[in-house]
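Based on the provided sequences and hints, a complete structural model is requested.
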Amino acid sequence: MEYTDSYNYDDILEVLSNQTKEEPSHVELHPQHCREAACVITVIFNVIIFLLGLTGNGAVIWITGFKMKKSVNTTWYLSLALSDFIFCTTLPFTMDYIVKNSWNFGLFMCKFTAFVMTLNMYSSIFILVIISVDRCITVKFPVWAQNQRTVQKASLVVVLAWLVSSLLSIPPAKFREIDNATTVICYNNFEGHHKTCLLYTSGVVYLKVSLRS
1 MEYTDSYNYD
11 DILEVLSNQT
21 KEEPSHVELH
31 PQHCREAACV
41 ITVIFNVIIF
51 LLGLTGNGAV
61 IWITGFKMKK
71 SVNTTWYLSL
81 ALSDFIFCTT
91 LPFTMDYIVK
101 NSWNFGLFMC
111 KFTAFVMTLN
121 MYSSIFILVI
131 ISVDRCITVK
141 FPVWAQNQRT
151 VQKASLVVVL
161 AWLVSSLLSI
171 PPAKFREIDN
181 ATTVICYNNF
191 EGHHKTCLLY
201 TSGVVYLKVS
211 LRS
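First residue of the sequence shown? That's 1 in my numbering, and the numbers climb one at a time after it.
If you are wondering where the hints come from, they were derived from the structure by calculation, not from laboratory data. Hints may contain errors.
Stated by the list, open to error - Straight line, CA to CA, 27 Å or less: simulated DSS-like cross-link-like pairs of lysine-lysine: (1) 174 with 67; (2) 111 with 174; (3) 111 with 100; (4) 69 with 174; (5) 140 with 153; (6) 100 with 174; (7) 70 with 140; (8) 153 with 70; (9) 153 with 69.
What the hints assert, rightly or not - Cβ pair distances, simulated, as ranges: (10) 100 with 58: 20 to 30 Å; (11) 41 with 148: 40 to 50 Å; (12) 70 with 38: 39 to 49 Å; (13) 191 with 105: 15 to 25 Å; (14) 150 with 92: 33 to 43 Å; (15) 99 with 147: 51 to 61 Å; (16) 142 with 39: 50 to 60 Å; (17) 132 with 55: 25 to 35 Å.
Backbone N, C-alpha and C fix where the C-beta goes; we use that ideal spot for every residue, glycine too.
In structure tokens:
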């Protein structure tokens, strides 16, 4: 079978333009409270994640940050726990949004929660990759690792990972908007930023594939 259709960036941008001209799918939400089984189950799972995430990651932060002697490994685990802990603090806003089908926290929190969720995703990925590389170096080059693996260098690597994660988390927050149609919603508005959205999405996909390969 021969495929005669050829797609380029202009075709993709035209599709994105047509989609962003339509009303967001969120406006179909009604202001009634969460009653459906799927909604209730989602809220229950979020509550469980919130409670376990706060207590579990809080304990890890307390132990690795204040009780244990600082080392390269504790630096990794402290940063990873901190990333997940920050993410868990935004879950109550998400749960309230799910239950009420209405965003009641204003534009700043709409953007901030998107920033934090994206920050958690990137920082967790980067730190897990760093831990894997560190383990590989420790096994393959034990003598070099014993002399070169220091808390200062590990802290610098973590700071760089958080910095890159923060920069990559800015675009999702920038495109986040609120709409007061039938109910207040918090959604992604890419209208007028099609090329930026396409480049960002392509870069994110390439980055994820590269880190997992």
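Hint by hint, here is what the structure shows:
{"no.": "1", "hint": "174 with 67", "result": "violated, 39 Å"}
{"no.": "2", "hint": "111 with 174", "result": "holds, 7 Å"}
{"no.": "3", "hint": "111 with 100", "result": "holds, 19 Å"}
{"no.": "4", "hint": "69 with 174", "result": "violated, 40 Å"}
{"no.": "5", "hint": "140 with 153", "result": "holds, 19 Å"}
{"no.": "6", "hint": "100 with 174", "result": "holds, 24 Å"}
{"no.": "7", "hint": "70 with 140", "result": "holds, 24 Å"}
{"no.": "8", "hint": "153 with 70", "result": "holds, 12 Å"}
{"no.": "9", "hint": "153 with 69", "result": "holds, 16 Å"}
{"no.": "10", "hint": "100 with 58: 20 to 30 Å", "result": "holds, 27 Å"}
{"no.": "11", "hint": "41 with 148: 40 to 50 Å", "result": "holds, 49 Å"}
{"no.": "12", "hint": "70 with 38: 39 to 49 Å", "result": "holds, 45 Å"}
{"no.": "13", "hint": "191 with 105: 15 to 25 Å", "result": "holds, 23 Å"}
{"no.": "14", "hint": "150 with 92: 33 to 43 Å", "result": "holds, 39 Å"}
{"no.": "15", "hint": "99 with 147: 51 to 61 Å", "result": "holds, 55 Å"}
{"no.": "16", "hint": "142 with 39: 50 to 60 Å", "result": "holds, 52 Å"}
{"no.": "17", "hint": "132 with 55: 25 to 35 Å", "result": "holds, 27 Å"}
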